[in-house]
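Those sequence lines, one after another, are chains A and B. If you count the first sequence from 1, position 250 lands on 250 in this note's numbering, and the numbers rise without skipping. If you count the second sequence from 1, position 130 lands on 130 in this note's numbering, and the numbers rise without skipping.
Since the hints were made in silico from the structure, they are not lab data. We treat Cβ as the ideally placed atom computed from N, Cα and C, and that holds for glycine. Wrong hints could be hidden among the right ones.
Stated by the list, open to error - Here are the simulated lysine-lysine pairs, DSS-like style, with alpha carbons at most 27 Å apart: (1) K261(A) - K273(A); (2) K130(A) - K304(B); (3) K270(B) - K74(B); (4) K304(B) - K273(A); (5) K270(B) - K221(A); (6) K261(A) - K184(A); (7) K261(A) - K270(B); (8) K270(B) - K73(B); (9) K273(A) - K184(A); (10) K130(A) - K273(A); (11) K273(A) - K73(B); (12) K304(B) - K261(A).
Stated by the list, open to error - Among the chain B residues that face chain A by a calculated CB cut under 7 Å, a handful are: (13) W52; (14) K113; (15) F275.
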Amino acid sequence: MHKSRANSLIFTTLSVAYAALILFPVFWMWSYAFKSEAEMFARPTVWLFNPTFEHFGYMIENGYHHYLVNSLIVSGASTALVVLIGTPAAYAFARYRDMTLRDDLFLFVLATRMAPPVCLVIPYYLIYAKFDLLDTYLGLVIAYLTFNLSFYVWVLSSFCRDLPLELEEAARVEGYSRAQAFVKVLLPLLRPGITATAVLCFIFAWNEFMYAFLLGGQNVKTLPVGIPSLITTQGVRWGEMAIIGMVGTLPVMVVVFFLQKHIVRGLTMGAVKG
Amino acid sequence: MTEISAAPASADRPAAGETHHRESRWYPYALIAPTMLTLAVVALVPFLYMGWISLHEARYGQVGAFAGLANYKKLLADARFWNSMSVAGLFVAIAVPIEFMLGLIGALVLSQKIRFRSVLIPFLFIPSMMAPIIVGLVWKTMLAGSWGFFSYNLLEHFGILSGTSVFASPDLALYGLIFVDIWEWTPFMVLTFFAGMQALPANPFWAAQVDGANPVQIFFRLTLPMLAPLLVVIGLIRTIDAFKVYDTIYILTNGGPGITTESPSVLGYKYTFDFWEIGTASALAVVIWLIFFVFCNVFYQIAKRRLNVF
């Protein structure tokens with residue numbers, strides 16, 4: 001009894017220390033948002049400082065709040081589209097496992113998710129240049145479908161496999177058509193899975209850098225693109241970068257707290273039920 | 001909610017209730033059609049277009065005459081291509097096994113009787129859920145020369161790297177990136193393996209304890225073999241992701257110093273947007289995609305047959 005309490009203390013200390021090691025660099029970076037240049041570059045390191053808000057002023061003056069709005073628009077629109085298109089497919093892949101070519105089609109869906117963005121960004125750039133889609137919301141929303149639609153279908157499909165088949169059959173006996181049974185009986189049960197997967201899609205779009213950087217331009221710059229834009233010929237604006245780092249990470253933290261059970265499932269493409 | 005738990009019906013689960021509906025053959029295809037059409041347009045068409053470009057002379061966005069496999073020959077003769085493959089190979093070969101080992105150890109620690117576990121777990125998700133470009137920014141501030149928190153407080157005290165920084169050193173830059181990747185992904189491995197361990201059936205473990213097996217035996221004879229398919233699947237996902245890392249490299253080194261950290265993604269980017277060698281870039285992208293497709297296929301087969309998911 002005594003030994004197990006000591007063990008518990010040791011393991012707890014280890015875990016807390018590890019979590020601190022994980023978090024410290026993130027919060028340290030955030031602190032730059034409130035430090036003057038002298039405090040940032042001070043040797044030895046300055047621990048206590050008078051918070052300044054000059055960096056926030058610079059961000060507003062230079063229109064960086066538009067980056068935030070752009071991020072919200074692009075991530076929100078692409079997520080909504082993915083839910084609309086992908087939900088029936090996720091259900092069909094889970095439910096009709098006998099359909100011809102099912103495995104090949106499902107693997108194709110996976111392959112579009114796993115492909116490195118650099119493979120797609122080249123043709124996208126050329127095609128968008130032809131169709132005037134560079135630097136448009138629509139262009140980014142379409143590009144984000146490549147990884148989010150396939151992700152959504154795969155992960156939601158693993159949620160769909162948990163649905164009891166008997167429920168659908170009971171609904172059919174009651175006289176519902178298959179489409180009615182899906183919409184009226186199964187969809188409400190799927191809601192937590194849909195929410196979790198959609199929120200993860202939102203975060204992936206929110207975090208995305210390469211497409212936004214290369215296919216966006218002047219009008220459609222998202223938050224991640226703001227980071228390299230602050231590496232200027234007059235020097236690196238660390239405080240402003242830290243603000244983007246902070247604003248970009250806060251929603252992710254909120255999501256992590258509410259969705260922790262589903263994140264493992266999401267990041268392993270449904271292979272591990274968290 | 002499932003009072004009608006008819007056992008016989010779930011035995012032949014997929015086919016049940018399907019045969020007597022005439023429309024049933026087309027119904028599933030109607031459901032997947034929007035997704036498949038969308039993916040065909042947004043992924044397959046660009047991919048085929050890229051394949052087509054890779055067989056033509058193409059520079060500065062102009063696609064010229066048919067060139068056969070000339071772009072591929074050029075690519076395979078380019079030392080930078082092989083350099084990028086070895087950068088990616090080294091990156092994966094060091095980062096993934098370390099993340100794996102640390103992940104297993106962390107998951108074992110987390111499985112013990114720990115206080116505040118439910119409070120700790122969400123924090124561990126943060127590095128792998130935050131934007132990779134912001135991860136890069138975090139480590140830019142930690143490891144910057146002279147004033148970076150780690151550079152000043154840690155590295156300098158051991159006499160490493162005064163007057164330079166990890167990411168400016170040709171010898172250390174790649175290891176710096178590997179370190180960042182380990183920081184970013186180990187917590188995720190811990191949580192995944194932890195979830196896998198929690199899901200294992202309890203009976204074999206009780207039986208082993210009754211038989212007097214020690215914890216080491218239990219780990220190597222029971223936990224590890226039972227987790228094996230899961231470990232393979234996670235390893236594959238992580239390998240695929242590590243192979244295509246771009247954002248953190250872009251912000252931390254952009255392939256430098258020289259070409260010491262130039263991964264295939266960075267090289268593909270430079271071929272396209274720095275040298276405008278679209279043909280060679282497309283050939284590179286096709287080669288990368290082929291490598292990935294093999295990985296994906298293996299992932300799928302193992303996940304389906306051994307883990308019985310999907």
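(message) Of the numbered hints stated earlier in the document, which are not met by this structure?
(response) The structure conflicts with hints 2, 7, 10, 11, 13, 15, although it agrees with all the remaining ones.
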